[in-house]
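Make the full structure from the sequences, and use the hints.
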Amino acid sequence: MGKYQVKVDMLLCQGHGVCADECPEVFEVVDTGTGYPKVKVKQARPSESLRSKVQDAVNFCPNQTIRIIELD
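So the sequence shown is numbered by our numbering: it starts at 1 and just counts up by one.
Hints were generated in silico from the structure; no laboratory data involved. Cβ atoms here follow ideal geometry from the backbone N, Cα and C, with glycine treated the same way. Just to be clear, a hint being listed does not mean it is correct.
Each computed DSBU-like pair below joins lysine-lysine, with the alpha-carbon atoms no more than 30 Å apart [unchecked claim]:
no., residue 1, residue 2
1, Lys42, Lys53
2, Lys53, Lys40
3, Lys3, Lys38
4, Lys40, Lys3
5, Lys38, Lys7
6, Lys38, Lys53
7, Lys40, Lys7
8, Lys42, Lys7
9, Lys3, Lys53
10, Lys53, Lys7
11, Lys42, Lys3
Restraint ranges, calculated between C-beta atoms of paired labels, are given here [claimed, not checked]:
no., residue 1, residue 2, range
12, Lys40, Gln64, 13 to 21 Å
13, Glu70, Lys42, 17 to 25 Å
14, Gly33, Glu70, 31 to 39 Å
15, Val30, Phe60, 14 to 22 Å
16, Thr32, Glu70, 26 to 34 Å
17, Leu71, Gly33, 16 to 24 Å
18, Gln64, Glu28, 16 to 24 Å
19, Asn59, Lys38, 14 to 22 Å
20, Asp21, Ile69, 21 to 29 Å
21, Lys3, Tyr36, 26 to 34 Å
22, Thr34, Lys3, 32 to 40 Å
23, Glu70, Thr34, 19 to 27 Å
24, Lys3, Asp31, 29 to 37 Å
Below is the structure:
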């Protein structure tokens, strides 16, 4: 388990799926039944080995809805 947590602001997420492309181990796009896909966080506390891929997902999210929260 990593020393960080991944959060997605679901109100701002438009389901573009860039995060799932960058880091499919942590993110996936799901059908919400509303006509708009959303991103699901599969691992809220991913391993350190995935940190660079998670950071890429944060950097490339078109709506900047993903945050990394450092844990103590």
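Hints and how they fare:
A hinted pair counts as satisfied when its Cα atoms are at most 30 Å apart, and Lys42 with Lys53 qualifies at roughly 14 Å. Between Lys53 and Lys40 the CA atoms are separated by roughly 16 Å; this keeps the pair inside 30 Å, and the hint holds. Proposed proximity of Lys3 and Lys38 is supported: the alpha carbons are some 25 Å apart, at most 30 Å. A threshold of 30 Å between alpha carbons decides the hint, and for Lys40 with Lys3 the separation of about 20 Å falls inside it, so the pair holds.
Our distance criterion of 30 Å between C-alpha atoms is met by Lys38 and Lys7, whose separation comes to about 13 Å. Distance hint between Lys38 and Lys53 is fulfilled; the C-alpha atoms sit about 19 Å from each other, no more than 30 Å. Pair hint Lys40 plus Lys7 holds up; C-alpha atoms about 10 Å apart against a cutoff of 30 Å. A hinted pair counts as satisfied when its Cα atoms are at most 30 Å apart, and Lys42 with Lys7 qualifies at roughly 11 Å.
Annotation: proposed proximity of Lys3 to Lys53 holds, straight-line Cα distance about 15 Å (limit 30 Å). Under the criterion of a C-alpha separation no larger than 30 Å, the hint pairing Lys53 with Lys7 is consistent with the structure, at around 15 Å. A threshold of 30 Å between alpha carbons decides the hint, and for Lys42 with Lys3 the separation of about 16 Å falls inside it, so the pair holds. For the hinted restraint 13 to 21 Å between Lys40 and Gln64, the CB-CB distance of approximately 18 Å keeps it satisfied.
Hint check: Glu70 to Lys42, Cβ distance near 20 Å, so the stated range 17 to 25 Å holds. For the pair Gly33 and Glu70, the supplied restraint of 31 to 39 Å holds, since their beta-carbon distance comes to about 34 Å. Our hint of 14 to 22 Å for Val30 and Phe60 holds, since their Cβ atoms are close to 19 Å apart. Distance hint check for Thr32 and Glu70: the Cβ-Cβ separation is about 29 Å, which falls inside the suggested range of 26 to 34 Å.
Checked against the given bound of 16 to 24 Å, the beta carbons of Leu71 and Gly33, roughly 33 Å apart, lie outside it. The hinted window of 16 to 24 Å between Gln64 and Glu28 holds, with their beta carbons roughly 19 Å apart. At about 20 Å, the CB distance of Asn59 to Lys38 agrees with the hint of 14 to 22 Å. Restraint check, Asp21 to Ile69: a C-beta distance of roughly 22 Å satisfies the suggested window 21 to 29 Å.
Roughly 33 Å separates the CB atoms of Lys3 and Tyr36, a value that falls within the hinted 26 to 34 Å. Taken as a hint, the range 32 to 40 Å holds for the pair Thr34 and Lys3, whose Cβ atoms sit roughly 35 Å apart. A C-beta distance of roughly 33 Å is found between Glu70 and Thr34, which places it outside the suggested range of 19 to 27 Å. Distance hint check for Lys3 and Asp31: the Cβ-Cβ separation is about 32 Å, which falls inside the suggested range of 29 to 37 Å.
In this structure, the earlier hints numbered 17 and 23 are contradicted, and the remaining ones agree with it.
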